[in-house]
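2 protein chains.
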Amino acid sequence: MNTKRILIVGGVAAGASAAARARRLSETAEIILIERGPDVSFANCGLPYFIGGEIKHRDALAVQTPQTLKAMLALDVRTSAEATAIDRTGKRVQVRSLASGTEEWLTYDKLILAPGALPLRPALPGIDDPRIFTLRSLQDMDRIKAAAATAQRVAVIGAGFIGLEMAEQFVRLGRQVTLIEMLDQILPPLDRSMTLLMEDELRRHNVELILGDGIASFSSEPDLACHLKSGRTVSADLAVLSIGVRPDTALARAAGLELGPRGHIRVNEFMQTSDPDIYAAGDAVVIKDLVSGEPIAVPLGGPANRQGRLAADHMFRPDKVQPYSGALGTAIVRAFDVTAGLTGWSGKRLHAAQRPYRTVTLNDNHHASYYPGAKPMLLKLLWEPETGRVLGAQATGFLGVDKRLDVMATAIMGGLTIDDLAQLELAYAPPFGSAKDIVNLAGFTACNTRDGLITPVDTIPDDPAVQVVDTRPAPLVKAHPLTQVRSVNIPLTTLRQRLGELDPARPVVTVCAFGKTAYFAARILAQNGFQVSTLTGGIRAHFDPRTPARLPTP
Amino acid sequence: MNTKRILIVGGVAAGASAAARARRLSETAEIILIERGPDVSFANCGLPYFIGGEIKHRDALAVQTPQTLKAMLALDVRTSAEATAIDRTGKRVQVRSLASGTEEWLTYDKLILAPGALPLRPALPGIDDPRIFTLRSLQDMDRIKAAAATAQRVAVIGAGFIGLEMAEQFVRLGRQVTLIEMLDQILPPLDRSMTLLMEDELRRHNVELILGDGIASFSSEPDLACHLKSGRTVSADLAVLSIGVRPDTALARAAGLELGPRGHIRVNEFMQTSDPDIYAAGDAVVIKDLVSGEPIAVPLGGPANRQGRLAADHMFRPDKVQPYSGALGTAIVRAFDVTAGLTGWSGKRLHAAQRPYRTVTLNDNHHASYYPGAKPMLLKLLWEPETGRVLGAQATGFLGVDKRLDVMATAIMGGLTIDDLAQLELAYAPPFGSAKDIVNLAGFTACNTRDGLITPVDTIPDDPAVQVVDTRPAPLVKAHPLTQVRSVNIPLTTLRQRLGELDPARPVVTVCAFGKTAYFAARILAQNGFQVSTLTGGIRAHFDPRTPARLPTP
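Chains F and H, in that order, are what the protein sequence lines are.
My numbering applies: residue 1 is where the first sequence begins, and numbers increase by one.
My numbering applies: residue 1 is where the second sequence begins, and numbers increase by one.
The set of hints was computed from the structure by calculation and includes no laboratory data.
Keep in mind that the hints are not guaranteed to be accurate.
Treat identical chains as interchangeable: a pair holds within one or across any two.
[Stated by the list, open to error] Restricting the straight-line Cα-Cα distance to at most 20 Å, the calculated cross-link-like pairs of lysine to any residue (SDA-like) are:
1) K375 to L399
2) K320 to L551
3) K70 to Y357
4) K229 to G160
5) K478 to Q94
6) K375 to P548
7) K70 to T150
Build out the structure end to end from the sequences listed, making use of the hints.
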């Protein structure tokens with residue numbers, strides 16, 4: 001490319017990555033980075049952890065500064081500078097200095113838009129109370145940290161990934177936290193059963209959880225009062241709104257670039273907008289979903305960085321660059337000792353899209369049970385019935401959740417099937433995994449489901465004809481009774497002798513703590529002519545996310 | 001299948017898995033498990049950890065007992081029973097009770113051989129000294145634990161996976177450990193540079209490491225003396241031989257089953273031997289390598305378990321089972337705070353097989369650098385030049401090594417290319433990873449290599465014409481000088497101004513601690529007409545596995 005000048009609007013994740021890559025590909029290009037805020041290339045995802053004090057030095061969040069970018073990459077970095085208009089015909093951008101108010105037009109050969117997203121801040125009554133914050137920039141972070149220093153009660157509105165991180169960090173600071181979520185579960189992208197453990201963990205850390213109730217308005221009396229749709233009021237000294245983001249695409253819209261239905265910039269698989277000399281990347285774009293090929297917005301740091309890099313690559317080496325493979329929406333969050341996350345499509349999303357899918361949920365320890373420190377994990381796998389191809393996975397537990405999500409994300413990218421998961425050869429030594437890892441078990445269970453060896457159910461039918469068989473050992477049932485449904489306890493080890501206690505004419509559902517002995521029992525019952533299904537994921541997935549698989553050895 | 005009776009010879013990993021799966025598929029089959037030892041289904045991989053006391057209760061290692069197998073699976077388990085002959089024509093196996101010495105012939109409809117492997121115990125002079133142990137069974141474990149109680153000096157012979165685990169556990173017990181390895185590196189399956197950190201870790205824990213020296217003989221004087229090939233003698237109170245295993249296939253050989261070149265039982269992709277009514281699985285078989293399709297033996301617990309299961313599956317549902325996908329040889333070991341492992345093919349194996357490959361090595365932190373607790377990791381990636389397909393990966397570090405190996409194993413199974421690795425969407429939040437994970441970086445670097453943007457070298461040519469440029473900041477060079485090669489320090493941030501100090505007619509090799517700024521510098525130099533290559537993996541991979549990327553912030 002003979003490009004002389006590259007303008008990049010937005011200097012955080014996608015923009016900074018694009019600039020760095022562009023410089024590696026061309027020492028002669030003039031690269032100007034225009035950033036509205038005072039900072040470039042800062043660690044967006046680290047902001048909650050500085051508020052809570054886990055990250056102690058604010059400098060740690062400044063991955064790069066304008067000075068280091070100049071020294072390392074010979075970039076012309078202009079902070080506190082706002083791009084106010086694009087003249088596509090003249091190939092120039094109007095930039096206003098926020099300090100001086102002066103404006104100038106900068107020409108470009110190629111333009112990259114990386115404006116990011118803005119936190120949603122709905123026009124509710126009282127929303128302008130200065131005690132209501134959103135978190136996007138280092139300055140937002142500083143303001144929240146300062147306010148938190150004197151606040152006692154904190155309301156976090158929105159229990160998504162950022163909301164959970166904020167709730168955790170405020171608890172870390174010793175604050176009294178109320179977490180308010182409009183939906184009937186935390187972590188909206190996940191399926192309900194995968195959120196129970198995290199909800200329990202929050203409550204154990206004295207987070208007051210209000211689910212199924214949204215914010216209606218705020219008032220000052222003089223405490224900040226958060227009025228919920230139910231009529232309930234939560235008083236707080238500060239509130240953080242974490243209910244989502246919207247793409248910051250006014251500039252792109254005004255320039256006539258093609259936008260998606262929700263205002264994101266449309267790009268092709270090389271991150272080119274409808275104007276081939278203008279690229280866009282990061283939170284502001286709508287890209288291709290890897291599973292369905294449909295357009296999707298994934299406002300996350302990983303994709304933003306890789307998209308920015310890809311845009312620069314395509315600019316200089318259009319024949320060398322592999323098209324964007326599409327987004328999986330892989331995401332993860334930790335709150336206290338619990339981790340939860342997903343990759344690909346969830347059950348609710350597949351259901352809403354009316355895509356055919358099947359699913360199993362299962363528990364196993366994160367490494368060999370016989371090695372000290374093994375922690376249980378819940379894994380949900382979703383696949384395409386016709387092909388067996390993995391469509392998505394979710395996991396929650398204490399350790400090793402990130403590893404299984406990464407394996408599943410890689411599996412989806414590789415088009416692996418449930419048969420392949422069964423055969424995956426993962427790294428096993430007692431401190432790291434199991435001879436049959438939970439990912440293998442998920443493959444086994446899915447294949448068993450496909451082949452009709454097991455019939456997993458997500459709920460126990462509310463039908464008096466159904467015989468619910470709790471297959472756990474009797475002492476375990478006594479210590480951790482299944483109170484939510486009427487059941488008969490027939491421990492697996494006695495089942496073959498006690499088949500006569502069950503009515504072969506009536507359906508059976510087997511349940512246990514983890515779902516494993518219930519599966520074993522179902523195989524015995526099925527081979528003895530019973531119509532049997534198994535509660536997938538066991539009692540842990542549906543009723544009690546901490547119920548143990550066995551009693552502690554004395 | 002109308003199979004009435006299934007005989008399984010060997011009741012640990014593959015055998016027990018086969019039995020369990022067979023029962024799930026048939027309540028009516030008679031399933032007899034014949035095990036020479038007194039235990040079935042025990043946690044083989046946990047033995048070192050009980051010796052060292054990490055696993056406190058011996059019972060934890062008994063995953064199943066004959067009693068639980070009978071109760072759960074209605075198996076007929078015969079321990080201390082040895083299969084002594086197979087009559088293939090009569091479809092029967094001769095079994096001798098080791099207690100009574102009585103023999104009987106048991107007929108079978110299908111037979112599964114899962115005899116496992118025996119530790120190598122070469123016929124060296126003095127090998128029969130009772131203070132020389134090998135570790136395979138719970139009884140071996142008990143003997144070593146008893147001997148270790150009074151021993152002060154322990155010689156571990158063979159620095160493979162088990163040898164390292166044993167060395168670690170003896171140190172844990174406060175013993176003085178000498179680790180002897182015939183090759184010039186520990187962990188023979190790995191490439192040399194990937195073992196440096198672990199070697200350093202062993203030395204830091206006062207393990208005396210003797211490399212490039214093999215055992216020649218033993219004598220008793222009265223201490224146990226281990227005489228090495230070099231003439232050196234290591235005195236010890238006990239010695240553990242961990243120099244490898246050989247398949248325990250005398251029974252199969254006598255029965256005329258087809259064996260591989262090194263005595264393993266040949267099986268097809270459904271685990272059938274040359275006699276279709278006889279299956280084999282586990283450490284004793286030779287299977288298909290996933291990368292090359294060639295025969296390979298992988299004596300590891302994970303494959304053994306899955307092979308046993310597959311054999312049972314094929315026996316009952318030949319039309320439903322997916323063929324064995326092939327082995328990757330994924331393996332991992334921890335010693336103290338360091339972990340190392342591999343999946344797929346190593347550089348030395350590819351080199352020996354004369355398969356074309358390319359490779360890069362790189363360092364990065366295991367999660368976001370700005371989040372507390374980030375630990376560096378070294379990752380090596382090998383790929384096929386023509387297709388870009390991943391052939392293998394190795395990793396070593398402190399945390400998160402298992403995760404990257406599992407991602408790479410999944411990538412190989414999915415046929416992913418280096419371009420795909422660059423785009424993998426892995427789970428990112430500060431405690432878990434980075435926006436650009438080291439797996440992505442490996443993909444980036446590999447693509448850069450393929451595209452000629454970087455020329456990685458594994459050694460610095462011993463040629464006075466070569467200009468070695470150390471691109472680290474001057475204070476870092478002062479604190480951690482590169483003593484092994486003559487170099488000039490031109491920090492990356494000053495390089496553009498100091499190009500005149502280098503002779504454009506002579507080749508340049510850039511080096512730095514992690515390999516990152518050296519790459520950045522190489523891009524500047526290349527674009528200024530220099531012929532430049534970069535030491536892949538930096539100083540950490542070749543000279544000092546702990547050299548830091550930056551000085552600690554004051």
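Structure-based check of each hint:
1. Proximity of K375 to L399 under the C-alpha cut-off of 20 Å is found in both arrangements, the shortest distances being 7 Å within a copy and 17 Å between copies.
2. For a Cα distance limit of 20 Å, the shortest separation of K320 from L551 qualifies neither inside one copy, at 59 Å, nor across copies, at 37 Å.
3. Taking identical chains as interchangeable, the C-alpha atoms of K70 and Y357 are never at most 20 Å apart, the minima being 51 Å within one chain and 37 Å between chains.
4. For the identical chains of this complex, K229 and G160 are intra-copy neighbours only, at 19 Å inside a copy versus 64 Å across copies, given an alpha-carbon limit of 20 Å.
5. In this homomeric assembly, K478 and Q94 never come within 20 Å of each other (Cα to Cα): the closest approach is 73 Å inside a single copy and 46 Å across copies.
6. Only within a single protomer do K375 and P548 lie at most 20 Å apart by alpha-carbon distance; the minimum there is 11 Å, versus 33 Å between protomers.
7. Taking identical chains as interchangeable, the C-alpha atoms of K70 and T150 are never at most 20 Å apart, the minima being 39 Å within one chain and 64 Å between chains.
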